[in-house]
Amino acid sequence: MNNNPLRKAFLFLVVAGAVGYGLGLGLDFLVAGNLNFSGSVASAFTLLFSFTAFFYGLYGYRGITRGLVWQVEGTLIGAFLITGIRAAMGATPIFGAFFFSEPAWVFGALSGVLSFIFGVGIMDDWIKWARGIDTPKYHEDEPGWEKYFSVSLDHKVIGIQYTVTALFLIAIGGTFALIFRTELAASQLQFLTTTFRLFNQTGPQLYNTLMSLHGILMIISILLGVSGIINYAVPFLVGAHDMAFPRMNAFAYWVAVPASVLMLMSLVLGGFDTGWTGYPPLSSRAPVGMQMFFLGVFTAGWSSILGALNVIATVLRMRAKGMTAMRLPIFVWAGIATSIIALTATQLIGLSFQLVMFQRLFGMGFFDATKGGNPVLFQHLFWFYSHPAVYVFVLPGLGIISELLPVFVRKPLFGYRWIAMSSLGIALVGFVVWAHHMFTSGMNEYLRVPFMYSTMLVAVPTGVKFFSWVATLWGGKIELPTPMLFVLGAIFIFLLGGITGPPNAMVAVDLHLHDTYWVVGHFHDTIFGGFVYPFFAAIYFWFPKATGRRMSELWGKVHFWLMTPSFLVLTFGMMFIGLRGMRRRIADYDVALGFDTTHLILTIAGYLIALSVLIFFINFFYSIKNGEKAEGNVWNSRSPEWLVPSPMHPHNYPVPFEVVGEPYDYGLPGSKYVEFAAVKGKKH
Amino acid sequence: MTHTHEKSSMLSQGVLIFIYLTVLTGLEFFVAITFNSVPLLVVMALVKAALVLYYYMHIYQLNAEHEGDHDSYEYKAGTNRIGLWLFLVSDSFVFGGLMVMRLNLLGMTRPHLNQNLGLFVTAVLLISSFFMNRGETQLRNGNRKGFLQNTMITIILGLFFLLGVVIVEWHTIAPIAEAILHLFGEPAGVEPLKPSSGVAGAAFFMMTGMHAFHVLTGLIFLAIVWVNGKRGLYDEKQYPVEAAAVYWHFVDVVWIFFYPALYLIGTAIG
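Heads up: the protein sequence lines correspond to chains D and W, in order.
Anchor point for the first sequence: position 257 equals 257 in my numbering, and the numbering is continuous, going up by one each time.
Anchor point for the second sequence: position 163 equals 847 in my numbering, and the numbering is continuous, going up by one each time.
It is worth saying that the hints were derived from the structure and are not from the lab.
Virtual Cβ for every residue (Gly too), placed ideally from N, Cα, C.
A few of these clues could be false.
[As the list claims (entries may be wrong)] Pairs of lysine to any residue, SDA-like flavour, derived with a Cα cap of 25 Å:
#1 D:LYS321 with D:SER671
#2 D:LYS371 with W:LYS760
#3 W:LYS921 with D:TYR622
#4 D:LYS137 with D:HIS649
#5 D:LYS137 with W:HIS754
#6 D:LYS137 with W:HIS796
#7 W:LYS760 with D:TYR622
#8 W:LYS878 with W:ASN827
#9 D:LYS672 with D:VAL634
#10 W:LYS914 with D:PRO136
#11 W:LYS878 with D:THR92
#12 D:LYS321 with W:ASP755
#13 D:LYS128 with W:ASP755
#14 D:LYS321 with W:LYS878
#15 D:LYS557 with D:HIS649
#16 W:LYS760 with D:ALA130
#17 D:LYS128 with D:LYS147
[What the hints assert, rightly or not] Far from chain W by the CB rule (all over 12 Å, computed), these chain D residues:
#18 ALA9
#19 SER38
#20 ASP368
#21 PHE378
#22 THR597
#23 LEU614
#24 ASN636
Bound conformation, chain D alone (with noise of 0.2 Å):
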């Protein structure tokens, strides 16, 4: 990427911000009759002016401009519309506390996410089926960057994007955690206050906001990298051209951008409280925010079902002459048992939040107790789907290390078909454990110890991968490039994850570490060992194959060894002023509890760890060109992708390939796992 279109990028962000400043501040006032500087509706414009512009300067007007402008169009007309149709119908007032109301609000952005989807071009070919008219099987890219900007329906394009665009959210939401850790660095309120005013929020309420933000997008964010990983991955490790549905794909991926552009809007548009669950009744009385967010949520998660389905239905129909279930890679396996959950149990987060929605535009009571309604079973639709997610987050993570940790050790994978099975094991078993979440939030009192036993159940599968990881690390030539630092930082840290969860599962113990730092704690270990390693792992493992470039070696050890001590510091920290009483969710606490120093060294910690991430994208973005070449089989893998040139033909194998053994069996004399058919013919 030359410098000059990102020069002009940030010039048309400039303008385009300030005209949409200007505009919002004067919609405001018109109708508020006062100028409010830092109010939600400049803010807004602002924000949707200049996310679009930046893109224009880059890249023109086509891909993902054209369905940025399409979205902020489509998000006015449809806003307008409903004003216009409430202003004829009568309905006071006309005009909302955000310049719109909030049917308007909720109407436009939905016809905002339409738009998009019809402007960014993924709808092209669809239509033109619908018509009759039949399209090429493939599309050409563009070469260079320029194809990471629009429609692709190449599955490592699309890999790529999604990885680039969970990196992306993954910064906004680290920053949005490094804003209100700095707050909490000491006790009182330092510059979040009171009297501070921001996006018609204060202080403590932009807290909340930023705290409820930074789960979420880091949420989506963990989405889309499994996502990105496992669209990049899956397709060449079961020797398919692409994926099954590459249309469908690049939908799944596209859908996901204007969901991110809500959940911005969602912080200047008063932002929410509640934090990332979005529980009845606070959820219901919310500011409009709350509204952008549940349809974000929404939105991201039909990328997340078609991604699934699209999943299994490539290693179902996809898959070379040779892979039988028992020969898949492990991370396929892993790919699978995430799927399974994200297509079923996605619906559920979308239903319980879309109730809410309707129950705040239409009045209809589901969790109004006093319409006799329950908010109760809004937590057990809710959970439904959350607690899986987690299993979502961490399988492909799990898949990761299994997957890489023959490579680094030279050894076959011990006990593949258990590795395998715990895979789908913990995906059934996850199903059935959400209860655990809500021991006190008054449901019956019977279903309590059944959900703790089905959550200590978790414990066997995950425990049959540890013992295997143990197994094959035992006496293998042990190689230490940085895949395989994080590959062994993420065992570590997972099983510091695993160790402190069934505590919480106990009921008795649960009732005093619910809502504390403990948990806090334990699920940044859980995430961190189950995704965010294996996520960096997965990176810096198959970037040659993607660039035909490595990413530097040193640079990556700095990463690892500067990221993995501050994150134990600030996990560590996290659960001991969880036990000793820390709640979580808070803007400020007592000075007298004496938290002050080891909140201090968590915000250290935090920082610091924000600066080993900075190094990763650094590094990350200077050696897409200018790293060491490597277009061979780097790592001396045996699977089949590390043996054709990197970076790969638009549709991975120019001669296909014949599974001939087992895929693991390193370090065994004479032992193949594939065979390409021109290799063979040679031979004969």
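Given the coordinates of chain D, assemble chain W onto it according to the supplied hints.
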């Protein structure tokens, strides 16, 4: 009786299955207004759903082997079929969630609705499914005209169902709704359900609304298939018609469960 591939017997099989469905629906209504046994209603709904899944939606086709060329139309249709069924599995979790919501909030009570009208709209949807199956079978038999006629009947019946729910049951156009409800024996002056009037109204509007949305998308799908079918696009490559039909039957299967849940089970409350 097993599935068959002979031309005339496939048509008569469709008729036979429709007769079973009609009898079971009548029986459901009878059980509901006489001794209201919930387990019996559940069993009958399950049997109806199984009949539709097997004989109208041809679930057994998922198991068909398509060895050989991965680029053949047959193989790709098989992949598309798996994709469609996975989508239906996913979608049924939405409806499952709505059912959980209804059972949690209403338990063994139900919204106050006109049971005769409920039976009538259910019959309309079931008959539409019958014609859909007939149209699909005739296309497979090489009869494009018969396919177009039967699909058109399906679309008209589907529209009839949709308008029946939206106009009459939702009371969106009050004079028409009251006139039709009067025709079905509803006494005058009964306050209609509103979304905001309590959990019964909320559950009713949410469930019928989600179902009506799926009916609407199914109708759009069928209209596309009809227009393209008229131009002879599906004489050879018939998978799109199968997909539209399976989706339409799925909407019917959902209603097979929603109908007793909303109109038949338990005692009516305002």
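Against the structure, the hints come out as follows:
no., hint, verdict
1, D:LYS321 with D:SER671, "holds (18 Å)"
2, D:LYS371 with W:LYS760, "violated (51 Å)"
3, W:LYS921 with D:TYR622, "violated (50 Å)"
4, D:LYS137 with D:HIS649, "holds (16 Å)"
5, D:LYS137 with W:HIS754, "holds (14 Å)"
6, D:LYS137 with W:HIS796, "violated (53 Å)"
7, W:LYS760 with D:TYR622, "violated (42 Å)"
8, W:LYS878 with W:ASN827, "violated (46 Å)"
9, D:LYS672 with D:VAL634, "holds (18 Å)"
10, W:LYS914 with D:PRO136, "holds (23 Å)"
11, W:LYS878 with D:THR92, "holds (20 Å)"
12, D:LYS321 with W:ASP755, "holds (14 Å)"
13, D:LYS128 with W:ASP755, "holds (21 Å)"
14, D:LYS321 with W:LYS878, "violated (59 Å)"
15, D:LYS557 with D:HIS649, "violated (30 Å)"
16, W:LYS760 with D:ALA130, "holds (18 Å)"
17, D:LYS128 with D:LYS147, "holds (22 Å)"
18, ALA9, "holds (38 Å)"
19, SER38, "holds (35 Å)"
20, ASP368, "violated (9 Å)"
21, PHE378, "violated (10 Å)"
22, THR597, "holds (47 Å)"
23, LEU614, "holds (38 Å)"
24, ASN636, "holds (31 Å)"
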